[in-house]
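Peer 1: In the order they appear, the protein sequences are chains A and B. Take the first sequence: its letters are residues 1 to 193, numbered as in my numbering. Take the second sequence: its letters are residues 1001 to 1174, numbered as in my numbering.
Honestly, the hints are just simulated from the structure, not real lab data. For glycine and all other residues, C-beta sits at the position ideal for the given N, C-alpha and C. What you were told as hints is all true, and nothing was included just to trick you.
Chain A stretches covered by chain B per the calculated footprint, using a threshold of three residues with CB under 8 Å from any CB of chain B: (1) 15-26; (2) 50-56; (3) 122-129; (4) 135-146; (5) 174-187.
Taking lysine to any residue pairs in the SDA-like style, the calculated list, with each CA pair at most 25 Å apart, reads: (6) A:K169 - B:L1044; (7) A:K27 - B:E1052; (8) B:K1039 - A:A189; (9) A:K27 - B:S1049; (10) A:K167 - B:Q1007; (11) A:K169 - B:L1041; (12) A:K147 - B:A1046; (13) A:K89 - A:I78; (14) A:K42 - B:E1055; (15) A:K57 - B:L1053; (16) B:K1162 - A:Y59; (17) A:K27 - B:I1068; (18) A:K27 - B:L1053; (19) A:K27 - B:E1055; (20) A:K167 - B:L1053; (21) A:K178 - B:V1033; (22) A:K57 - B:Q1083; (23) B:K1039 - A:R176; (24) A:K27 - B:N1063; (25) A:K190 - B:E1047; (26) A:K4 - B:E1052; (27) A:K57 - B:D1054; (28) A:K186 - B:E1040; (29) B:K1162 - A:I56; (30) A:K186 - B:L1041; (31) A:K147 - A:L181; (32) A:K89 - B:D1054; (33) A:K190 - B:L1044.
What follows is each chain in one-letter form.
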Amino acid sequence: MQSKLSDTDLIEQTLAGDQSAYAALIKRHQRFVFTLAMRFAKSREDAEEIAQDCFIKAYRSLESFQRQAKFTTWLYSIVYTTAMTTLRKKRIATDSIDDEETFIQVENKPSGYDENNVENKSRSFYLNQAIDQLLPDDATIITLFYKGEQSLEEIAQTMGIEANTVKVKLFRARQRLKDKLERNLKHEAKELI
Amino acid sequence: MNSIEEQLWNYIDGTSNPEEQKAISLLIEQDEVYRKKYKELLALNAEFSAMELDEPPMAFTYNVMESIRNEHAMQPLKARVDQRIVKGIGLFFGLIISAILIFALASVHWSAPVSGGNTTHFVIPNITKFLSSPIMESFMFFDIVLALYILDVYLRKKNLTKTYTSVQSGGQQK
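Taking the hints into account, I'd like the entire structure generated from these sequences.
Peer 2: And the structure:
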């Protein structure tokens, strides 16, 4: 029943004291929030912590949510801010990291890669691997644009930057993702030979 | 001037203006380089759109709701009392104090002679005549409602503390 209700309806019910409405809201958005958190975190455990923290923060300030805006834009801005704060706390440099350093950093990420099971790897596996190798900001923009159904203006709102900057960043992020994808596929082809 | 790739991405995203859209559409039709690049980017776009989302742990929703419930139980009661009630009570007492002051000032004989022993002459109101009046009855009714509200708050607090203790002990048992 609750799955048919809009986000705004579920928010109204939550504010009226129905906690199951908020649980429905979490179920609806948890996959995307968790994926966004994964773009910043080093492990699934860290991502889970960030995502959990975001939903608790959103619950606490649900009353301040302006109904004119999309709930997802508001929620994703909480995810972005929380993830950035967590990153800063853990002192992981997010900017000015050259490609090689990023590559080393993400190589430690558990990717579920099994060298003996190469044939099972799909194109989406390589895509996810390439996204993991991007800088958090690039990966976030790509994820928000392609999976979050967010316009450039909404992404700008989420990340607290200008829409034109988002456009430029999206272009660069796509180029980097394409390069990484090609590099990983070439590397894989060499391994097979 | 934007690169071919940038122009084509803008065309795919629909972020370029109508004239540019028209021009690029024409270039794709006529120019082999543009056509090839467009096909390549279109394939990439489809691939990016098919990206898979990560799946959180099974108990994710439960864990979040449990944290919220615990936090709610630990919240001090004074933070949960509706501020409108507090303001209402404040206003009520403010009005009573103002009414008494107005009544006292109104009963002063300002025209009494200054010379002599007594400078002002206060007339002490006969309170007993108010005891049976509707004002007194409504005042008493308000007091009863207030007392019931305070009792309700006290019982809720007791109940919440009991729930929180049982949740905490349940968690420790696990």
